[in-house]
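Throughout the sequence shown, residue numbering follows the numbering used here, covering -4 to 99 in sequence.
Simulated from the structure, these hints should not be mistaken for lab results. This one's a predicted model, so the numbers in the text were calculated from it and none came from an experiment. Watch out, some of these pointers could steer you wrong.
Claimed, not checked - With a cut-off of at most 27 Å between alpha-carbon atoms, the simulated BS3-like pairs for lysine-lysine come out as follows:
(1) Lys51 <-> Lys64
(2) Lys64 <-> Lys75
(3) Lys39 <-> Lys51
(4) Lys79 <-> Lys64
(5) Lys29 <-> Lys39
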Amino acid sequence: MKSYIQGFITSTLLITSFFTFTASDRPQIDAIEKEIMKIWEREKIQDQLIRNNESKALNLESDVSIYSKSINLYIKSLQKQIDKLTNQLNEHCECYRNQILINQ
């Protein structure tokens, strides 16, 4: 019987303590909930920034690829022009040499 009374008193104290603890800590719980909400909002903002930055990075990669192709085409055209001018120079030199040989 003594243990039943002791158990009843202990459980009553625990229940009373629980309700007292819950009631007294409500402002702290609200503060914690607000902080959690702030953290979630920051996380959403950071996720959005990451998505935006990924999009910008992909756009930059695309732009770099386009510019790289453009530069390569320009270099090829310059190489063709150089080859053409080199051939013209060789023809003129050959023509000049032939004129010198004929005039001698």
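Comparing the hints with the structure gives:
1. Lys51 <-> Lys64: 20 Å, holds
2. Lys64 <-> Lys75: It holds: about 17 Å lies between the C-alpha atoms, which stays within 27 Å.
3. Lys39 <-> Lys51: 18 Å, holds
4. Lys79 <-> Lys64: With Cα atoms ~23 Å apart, lysine 79 and lysine 64 stay inside 27 Å; holds.
5. Lys29 <-> Lys39: 15 Å, holds
Comparing the model with each numbered hint stated earlier shows that all of them hold.
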